[in-house]
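Protein sequences appear in the order of chains A and B.
Following our numbering, the numbering of the first sequence begins with 58 at its first residue and continues without gaps.
Following our numbering, the numbering of the second sequence begins with 3 at its first residue and continues without gaps.
No lab work stands behind these hints: they were computed from the structure.
Possibly wrong hints are sitting among the right ones.
[To be verified] Below, a sample of chain A positions facing chain B; criterion: calculated Cβ distance under 7 Å: (1) Leu88; (2) Leu91; (3) Gly95; (4) Phe153; (5) Asn174; (6) Cys175; (7) Tyr202.
[Stated by the list, open to error] Ranges between beta-carbon positions, derived for each pair: (8) B/Ser84 - A/Leu216: 25 to 33 Å; (9) A/Ser191 - B/Ala134: 56 to 64 Å; (10) B/Glu121 - A/Glu162: 14 to 22 Å.
Even glycine gets a Cβ: it sits at the ideal position worked out from N, Cα and C.
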Amino acid sequence: MTPNTTPKRELRVRPIENGTVIDHITAGQSLNVLRILGIPDSSEDVVSVVINALGKHGKKDVVKIENRELNVREVDKISLIAPNAVINIIRNFDVFEKKQVVIPEHAEGVVRCINPNCISNSSEPVTSKFTITSVGGRISLRCEYCERVISENIATHLL
Amino acid sequence: MTFKDLHIISMKDFSRDTIDHILNTAEKLEPVARGVEKSDLLDGKVLSLLFFEPSTRTRMSFETAMIRLGGRVLNLGSVEASSIAKGETLADTIRVVEGYSDAIVLRHPKEGSARMASELASVPIINGGDGAGHHPTQTFLDLYTIRRESHLDGVKIALAGDLKYGRTVHSLCYALSLYNAEITLVSPKELRLPDEIIGDLKRRNIKVKQTDSIEEAISDVEVLYVTRIQKERFPDPAEYNKVASSLLITPALLENADPKLKIMHPLPRVNEIDPRVDESDHACYFNQSFYGVPVRMALLSLVMGALE
Numbered sequence: 058m059t060p061n062t063t064p065k066r067e068l069r070v071r072p073i074e075n076g077t078v079i080d081h082i083t084a085g086q087s088l089n090v091l092r093i094l095g096i097p098d099s100s101e102d103v104v105s106v107v108i109n110a111l112g113k114h115g116k117k118d119v120v121k122i123e124n125r126e127l128n129v130r131e132v133d134k135i136s137l138i139a140p141n142a143v144i145n146i147i148r149n150f151d152v153f154e155k156k157q158v159v160i161p162e163h164a165e166g167v168v169r170c171i172n173p174n175c176i177s178n179s180s181e182p183v184t185s186k187f188t189i190t191s192v193g194g195r196i197s198l199r200c201e202y203c204e205r206v207i208s209e210n211i212a213t214h215l216l
Numbered sequence: 003m004t005f006k007d008l009h010i011i012s013m014k015d016f017s018r019d020t021i022d023h024i025l026n027t028a029e030k031l032e033p034v035a036r037g038v039e040k041s042d043l044l045d046g047k048v049l050s051l052l053f054f055e056p057s058t059r060t061r062m063s064f065e066t067a068m069i070r071l072g073g074r075v076l077n078l079g080s081v082e083a084s085s086i087a088k089g090e091t092l093a094d095t096i097r098v099v100e101g102y103s104d105a106i107v108l109r110h111p112k113e114g115s116a117r118m119a120s121e122l123a124s125v126p127i128i129n130g131g132d133g134a135g136h137h138p139t140q141t142f143l144d145l146y147t148i149r150r151e152s153h154l155d156g157v158k159i160a161l162a163g164d165l166k167y168g169r170t171v172h173s174l175c176y177a178l179s180l181y182n183a184e185i186t187l188v189s190p191k192e193l194r195l196p197d198e199i200i201g202d203l204k205r206r207n208i209k210v211k212q213t214d215s216i217e218e219a220i221s222d223v224e225v226l227y228v229t230r231i232q233k234e235r236f237p238d239p240a241e242y243n244k245v246a247s248s249l250l251i252t253p254a255l256l257e258n259a260d261p262k263l264k265i266m267h268p269l270p271r272v273n274e275i276d277p278r279v280d281e282s283d284h285a286c287y288f289n290q291s292f293y294g295v296p297v298r299m300a301l302l303s304l305v306m307g308a309l310e
């Protein structure tokens, strides 16, 4: 199989009737995407995962979830660990909508601050808040409370 | 910029123009701070002091500032004797105390606590220190001291001691970068200023030098800002003693200094500065702690809307 074949053949799995195909996930991050989506606990529908598929720009992961469309919060989380991901909403075997994830400028209640002494990690009724910057594809999250910056292993800090 | 109801949380929230306005206001209020003139600028106003950690200078200078301006102060008292001991959250405490006061000064061990309080309160929150985070009123009084005792714009300043953990130094570096300061950093390698702060300063085109020799630094600066090195940072007491003695400020060390050199220290000091230095014209750390009063008077008058 060559990298330029159609997405359906490239996925090596059968097309889905309804649901979501998350394409161009940063290679190696698909299992973290599943974790964000709470799979398998949140769904009994079929989920297919392709790891290290060859894409136009090198290796990528792909996740197909049947009978589920993602909410904004889930897409925001995915953007932090797979900034080039493309979300395809599938209805009746056709791509109903296709959009690249957009890295949000702010994230609330999505990531836990790495500073154990931050007020957002206390028993106070406060939701974690981050300002997000992306420089040359490298994402940094600055806590809006204690100003500590997270720039590595973001997936491990997702709530 | 409107100051009324402004929260004072981090130096990063302030531009040079805003800082200058606050320092100018402090200068006008200095005769009141000294007790030479009387003022009823904050007559009828109430300031609440919520100190969840020990403090002498910050708490007392806020009290003095309020009293000198004719206002009144409510003190939380000891945490053990308050509702916090019953498990009340800081968020609830803030919502309750804002009903009793026109502004709140908060010192709390958690970083970001003052920012959180400012999101909840309808009265101004003044950060009196949030853990290892910010202590902006200290930075305002440090800037005021430099301006009164030397000069701010383009000042040649050495920062000595614990530059790694000292929050006053981090905020001060940021503020000095607004005034094109030339900064010399003097510390043992274990306690150097974090790289990201040095990077920030260099990106702002600030001249930064690093050395571990206080003798080398002192010959070419106008202000020497000394901070305490905490013994607990060193597992080995012998290592602590070696480092502490290498940064000791003594009369002999000052023989080669510029006669106009001013020495600052946020206090409390332990043994960083030889007491014999206190009598010299270089010493201005006790003036510095006094300047906390006019600076805090200025901040209180501005955020409570008594001055613009």
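(request) Against the structure, test the hints numbered earlier, and report the numbers of the ones violated in rising order. (result) 1, 2, 3, 4, 9
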